[in-house]
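Build the full structure now, drawing on both the sequences and the hints.
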Amino acid sequence: MSDLNKLGLAEARDLLRKGETTSVELTESCLKAIDAAGALNAFVTKTPEIALDRAKAADARIAAGDAPAMCGLPIGVKDVFCTKGVTSQAASGILEGFKPEYESTVTQQLQDAGAVMLGKLNMDEFAMGSSNENSTYGAAISPWKRAGDDTNLTPGGSSGGSAAAVAADLCLAATGTDTGGSIRQPAAFTGTVGIKPTYGRCSRWGVVSYASSLDQAGPMTKSVRDAAIMLEAMCGHDAKDSTSADLAVPNFEAMLTGDIKGKKIGIPKEYRLDGMPEDIAKLWDDGTAMLKAAGAEIVDISLPHTKYALPAYYVIAPAEASSNLARYDGVRYGQRATLSAGDGITEMYEKTRAAGFGAEVQRRIMVGTYVLSAGFYDAYYNRARRVRSLIKKDFEDAFAAGIDAILAPTTPSAAFGLGEMKDADPVKMYLNDVFTVTLNLAGLPGVAVPTGVDAQGLPLGLQLIGKPWEEGDLLNTAYALEQAAGFVAKPQKWW
Amino acid sequence: MSIDQSTAAKVAKLARIKVEEDALPALAEEFNNILGFIEQLNEVDVDGVEPMTSVTPQRLKRRVDEVTDGNQQEKVLANAPDAREGFFAVPKVVE
Numbered sequence: 001m002s003d004l005n006k007l008g009l010a011e012a013r014d015l016l017r018k019g020e021t022t023s024v025e026l027t028e029s030c031l032k033a034i035d036a037a038g039a040l041n042a043f044v045t046k047t048p049e050i051a052l053d054r055a056k057a058a059d060a061r062i063a064a065g066d067a068p069a070m071c072g073l074p075i076g077v078k079d080v081f082c083t084k085g086v087t088s089q090a091a092s093g094i095l096e097g098f099k100p101e102y103e104s105t106v107t108q109q110l111q112d113a114g115a116v117m118l119g120k121l122n123m124d125e126f127a128m129g130s131s132n133e134n135s136t137y138g139a140a141i142s143p144w145k146r147a148g149d150d151t152n153l154t155p156g157g158s159s160g161g162s163a164a165a166v167a168a169d170l171c172l173a174a175t176g177t178d179t180g181g182s183i184r185q186p187a188a189f190t191g192t193v194g195i196k197p198t199y200g201r202c203s204r205w206g207v208v209s210y211a212s213s214l215d216q217a218g219p220m221t222k223s224v225r226d227a228a229i230m231l232e233a234m235c236g237h238d239a240k241d242s243t244s245a246d247l248a249v250p251n252f253e254a255m256l257t258g259d260i261k262g263k264k265i266g267i268p269k270e271y272r273l274d275g276m277p278e279d280i281a282k283l284w285d286d287g288t289a290m291l292k293a294a295g296a297e298i299v300d301i302s303l304p305h306t307k308y309a310l311p312a313y314y315v316i317a318p319a320e321a322s323s324n325l326a327r328y329d330g331v332r333y334g335q336r337a338t339l340s341a342g343d344g345i346t347e348m349y350e351k352t353r354a355a356g357f358g359a360e361v362q363r364r365i366m367v368g369t370y371v372l373s374a375g376f377y378d379a380y381y382n383r384a385r386r387v388r389s390l391i392k393k394d395f396e397d398a399f400a401a402g403i404d405a406i407l408a409p410t411t412p413s414a415a416f417g418l419g420e421m422k423d424a425d426p427v428k429m430y431l432n433d434v435f436t437v438t439l440n441l442a443g444l445p446g447v448a449v450p451t452g453v454d455a456q457g458l459p460l461g462l463q464l465i466g467k468p469w470e471e472g473d474l475l476n477t478a479y480a481l482e483q484a485a486g487f488v489a490k491p492q493k494w495w
Numbered sequence: 001m002s003i004d005q006s007t008a009a010k011v012a013k014l015a016r017i018k019v020e021e022d023a024l025p026a027l028a029e030e031f032n033n034i035l036g037f038i039e040q041l042n043e044v045d046v047d048g049v050e051p052m053t054s055v056t057p058q059r060l061k062r063r064v065d066e067v068t069d070g071n072q073q074e075k076v077l078a079n080a081p082d083a084r085e086g087f088f089a090v091p092k093v094v095e
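From first to last, the protein sequence lines are chains A and B. If you count by UniProt numbering, then the first sequence holds residues 1 to 495, one letter each, in order. If you count by UniProt numbering, then the second sequence holds residues 1 to 95, one letter each, in order.
Hints in this document: simulated from the structure, not taken from any laboratory. Hints should not be assumed to be uniformly reliable.
What the hints assert, rightly or not - Listed below are the simulated DSS-like cross-link pairs for lysine-lysine, each with C-alpha atoms no more than 27 Å apart in a straight line: (1) A/K264 to A/K467; (2) A/K307 to A/K428; (3) A/K282 to A/K428; (4) B/K75 to A/K240; (5) A/K282 to A/K145; (6) B/K13 to A/K351; (7) A/K351 to B/K10; (8) B/K75 to A/K46; (9) A/K99 to A/K307; (10) A/K467 to A/K269; (11) A/K46 to A/K99; (12) A/K392 to B/K61; (13) B/K75 to A/K84; (14) B/K61 to A/K240; (15) B/K61 to A/K393; (16) A/K351 to B/K18; (17) A/K467 to B/K61.
To be verified - A few chain B residues facing chain A, derived, Cβ under 8 Å: (18) V11; (19) L41; (20) V49; (21) V55; (22) F88; (23) P91.
Said to hold, decoys possible - Sample of chain B residues with no beta-carbon within 12 Å of chain A, all distances over it, derived: (24) P25; (25) V44; (26) E85.
A quick note: this is a predicted structure, and the numbers were derived from the prediction, not measured. Here a beta-carbon is modelled for each residue, glycine too, at the ideal position from N, C-alpha and C.
Right, here's the structure in full:
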């Protein structure tokens with residue numbers, strides 16, 4: 001069988017169970033695709049030996065009739081997850097060469113479910129960015145191009161390598177993490193599916209921290225069904241993460257009926273920004289019509305504090321980052337800068353952190369340091385946390401009024417060209433997260449589904465926002481939207 | 001609130017990030033852009049609003065205070081840039 005790497009998780013799983021292919025064949029097909037895709041700079045560490053060992057073990061389990069949910073399915077892992085004995089540096093120079101002595105809970109669960117790790121995926125440094133350009137490995141490049149234009153485009157960020165790898169069929173699926181939109185924005189830019197579950201669904205243990213009250217892991221896949229399969233494997237209570245929810249994980253895939261009759265879908269007026277590109281406005285209207293045609297009731301709603309989500313995020317996330325990233329001191333792991341004669345411990349910290357962190361990470365650490373510093377804590381940090389309560393209440397009010405899910409665009413535009421935002425003010429880049437960041441602040445689940453292309457042939461995605469802990473129902477609505485949209489576009493291979 | 005070069009230098013010092021003197025004006029300008037963006041939060045009436053602490057009301061779990069791990073000195077030191085005789089090594093701290 002050729003092109004096994006082009007399969008999704010569900011299709012590959014079914015073929016494996018029927019004995020029509022093997023995990024070794026699937027894995028070799030992906031490894032070959034990865035080797036041929038160096039131009040995308042998606043995989044930054046390849047682990048073919050580990051992959052083939054796990055594939056052989058998976059084939060033995062399948063033959064023995066003992067195949068867990070993801071048995072034998074080859075996936076990529078974002079560099080932010082600690083993987084035992086395999087370089088894990090969150091795309092930062094300061095963690096160059098870091099090989100954890102332990103495995104993150106999420107990747108351990110995937111491994112226990114039989115998944116095969118192909119390697120580590122590119123990202124923005126410490127997951128801070130929306131274009132994957134803030135990476136010590138250099139930018140990941142989208143497999144997509146604008147029609148008749150050779151410009152290299154961003155796969156989005158921070159999970160840019162994950163999105164590029166899934167869209168280019170280098171793996172069947174990949175892990176991502178989402179602090180302000182880092183799963184959903186790259187999914188939208190690459191025509192893939194990505195879900196950020198409710199805060200607390202996936203353990204954060206062993207995931208390099210950015211902003212602890214916002215960070216959540218989730219799957220990036222080729223279909224909603226695949227997202228349901230992989231999310232279930234990633235979720236679950238973990239005593240090692242005190243914010244991990246002690247709730248049963250339902251069988252998400254079994255909830256995909258496609259029946260959304262009578263569901264109330266909210267359309268938030270505040271998301272219709274001034275100057276919204278026509279393509280995005282039309283995509284949203286079309287998606288609304290699709291859900292209506294599938295039997296859902298469409299309700300106009302208001303989320304009045306939406307415009308304050310981004311500024312609140314840019315207080316809270318840098319504040320938490322400045323605290324989390326204080327651990328990179330050049331003492332316990334990672335790199336230490338070369339010191340001059342007479343340098344003391346303060347010079348060691350300062351030189352190490354100046355040399356090891358990229359510009360955006362330094363900027364956010366310092367903004368966070370400022371907003372937490374004496375005299376400003378109440379004015380900035382506590383105010384932002386209060387605004388966060390109001391943003392969460394907006395959603396609670398909508399759900400209390402009977403809304404089952406909310407439909408909005410995922411991003412304010414299609415993917416932009418690499419380097420196009422280079423000279424822009426950092427705040428302009430932050431606007432990429434305008435539709436996604438509200439959910440992180442409220443802790444809600446959100447899924448990006450590709451539903452169309454723009455005038456230049458680039459994929460665009462819509463976002464569905466669900467109630468806390470109701471990822472199953474949310475994925476079912478996403479499934480109905482996916483069925484109605486029938487998005488099948490794939491990038492033309494140029495790499 | 002406008003940040004001048006000396007404030008930028010102070011923040012860099014607090015964050016333990018070395019910033020060269022000639023990079024301070026640009027840094028101060030970036031801070032001002034970002035803080036200008038954040039200033040919008042002042043428009044919101046937050047009187048009587050509690051800061052958000054968790055998604056669903058939940059108490060942090062308690063656990064038994066007992067030793068569950070340990071004796072991993074080699075693993076703990078495995079990634080250290082400078083480890084000697086079972087310790088992390090750093091430049092002289094005390095004169």
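Here is how each hint holds up against the structure:
1. For the proposed pair A/K264 and A/K467, the alpha carbon gap of about 12 Å is at most 27 Å, so the pair holds.
2. Taking the CA atoms of A/K307 and A/K428, the gap is about 15 Å. The hint holds against a cut of 27 Å.
3. As the CA atoms of A/K282 and A/K428 are separated by approximately 23 Å, the hinted pair is consistent with the 27 Å bound.
4. The suggested pairing of B/K75 with A/K240 holds, with an alpha-carbon distance near 19 Å, which does not exceed 27 Å.
5. Of the pairs offered as hints, the one joining A/K282 and A/K145 holds, with about 21 Å between alpha carbons and a cut-off of 27 Å not exceeded.
6. Between B/K13 and A/K351 the CA atoms are separated by roughly 11 Å; this keeps the pair inside 27 Å, and the hint holds.
7. For a cut-off of 27 Å, the pair hint linking A/K351 to B/K10 stands: about 16 Å separates their Cα positions.
8. Distance hint between B/K75 and A/K46 is fulfilled; the C-alpha atoms sit about 23 Å from each other, no more than 27 Å.
9. Under the criterion of a C-alpha separation no larger than 27 Å, the hint pairing A/K99 with A/K307 is inconsistent with the structure, at around 41 Å.
10. Annotation: proposed proximity of A/K467 to A/K269 holds, straight-line Cα distance about 19 Å (limit 27 Å).
11. This hinted pair checks out: A/K46 and A/K99 have alpha carbons roughly 14 Å apart, not beyond 27 Å.
12. Restraint check for A/K392 and B/K61: satisfied, since their Cα atoms lie roughly 23 Å apart, inside the 27 Å limit.
13. Proposed proximity of B/K75 and A/K84 is supported: the alpha carbons are some 11 Å apart, at most 27 Å.
14. Distance check on the hinted pair: B/K61 and A/K240 sit about 11 Å apart at the alpha-carbon level, within 27 Å; holds.
15. For a cut-off of 27 Å, the pair hint linking B/K61 to A/K393 stands: about 25 Å separates their Cα positions.
16. A C-alpha spacing of about 6 Å is found between A/K351 and B/K18, which places the hinted pair at or below 27 Å, so the restraint holds.
17. About 23 Å separates the Cα atoms of A/K467 and B/K61, which keeps this hinted pair within 27 Å; it holds.
18. About 5 Å separates the beta-carbon of B/V11 from the nearest beta-carbon of chain A, less than 8 Å, and the hint is met.
19. Hint status for B/L41: holds, given a least beta-carbon distance of 5 Å to chain A, under 8 Å.
20. A hinted interface residue such as B/V49 counts as satisfied when its beta carbon comes closer than 8 Å to some beta carbon of chain A; here the least separation is about 4 Å, so the hint holds.
21. Proximity of B/V55 to chain A holds as hinted, the smallest CB-CB distance being about 3 Å (cut-off 8 Å).
22. Hint status for B/F88: holds, given a least beta-carbon distance of 5 Å to chain A, under 8 Å.
23. With 8 Å as the threshold, the beta carbon of B/P91 comes within range of chain A, its nearest partner Cβ sitting at about 5 Å, so the hint holds.
24. In this structure B/P25 is separated from chain A by more than 12 Å, as the shortest Cβ-Cβ distance comes to about 15 Å.
25. With 12 Å as the threshold on Cβ separation, the claim that B/V44 sits away from chain A is violated: the shortest Cβ distance comes to roughly 5 Å.
26. Remark: the non-interface label on B/E85 is consistent with the geometry, its nearest Cβ contact in chain A lying 15 Å away (cut-off 12 Å).
In terms of the numbered hints stated before, the structure departs from hints 9, 25, listed from lowest to highest.
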